[in-house]
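Peer 1: Quick note, the sequences are listed as chains A and B, same order.
Residues 76 to 207 in the working numbering are what the first sequence spells out, letter by letter.
Residues 76 to 207 in the working numbering are what the second sequence spells out, letter by letter.
Please note that a few of the clues may not be correct.
The list cannot tell twin chains apart, which means a pair is met if one copy fits it or any two copies do.
Listed below are the simulated SDA-like cross-link pairs for lysine to any residue, each with C-alpha atoms no more than 25 Å apart in a straight line [to be verified]: (1) Lys92 <-> Asp117; (2) Lys92 <-> Leu196; (3) Lys92 <-> Glu203; (4) Lys112 <-> Glu163.
If you're looking for bench data, these hints aren't it; they were derived computationally from the structure.
There are 2 protein chains.
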Amino acid sequence: MRVVVLGCGRVGSHLAKLLIGQGHEVAVIDRDSAAFKRLGADFPGRVVLGTGIDEDVLRRAGIEKAEAFVAVTNGDNTNVMAAQVAREVFSVPRVICRIYDPLRAELYRSLGLDTMCPTVLGAERIAELLGG
Amino acid sequence: MRVVVLGCGRVGSHLAKLLIGQGHEVAVIDRDSAAFKRLGADFPGRVVLGTGIDEDVLRRAGIEKAEAFVAVTNGDNTNVMAAQVAREVFSVPRVICRIYDPLRAELYRSLGLDTMCPTVLGAERIAELLGG
């Protein structure tokens, strides 16, 4: 699968390496070149410098042929906007968007966006561990 | 169950409300009083202002009678230190510690600390969603 990951922070870089390990083709976008260090020197994927709400940047990352797009910058708004561009403009089949705010995550989920809310995920995981 | 939650950020406040909803007795510690707003005006648990590596603050939150302690401040170091104090000084039966850095989360887990790593959790959840 060809996957474009927007945001090379902790989760973005970890995910990119995870996907590479699973045999996927991965391109990572970040507006800060220093962020790519998290991928390690031997990262076999593509890295693209720029902001993910810029269509040219997305094209350079290969979004036109991507089967999946994942938005995991630190900004909920950026993630939502980029996810919508990926879905509406480039018709990427699978689009996943990280949204920290639980209420907004729920709202966008109800609007059909595939969202991942680390706040809910983390709290539920801890509650599970406490129950175990 | 009596639970002390250190850190009233997004995950701490969400968890505190989740646990209250499950019928647990919850005390929340944060060093910033503005953080308690996240709990809402009707939060029935206890709130304690102070730093969670201070034993007096932990005592005020009822750690001596707590069955569980959860460290979810934004600092990995603070969480590890507070978790160790809860376990070693106050013998809290269940101690869970959030560590963003995957390598340190693994290290402390191997040392017997119950850790939750949002980086790994988030990346794995997205990889799961992509596979689904």
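Peer 1: When the hints from earlier in the document are held up against this structure, which numbers fail?
Peer 2: Violated hint: only 4; rest satisfied.
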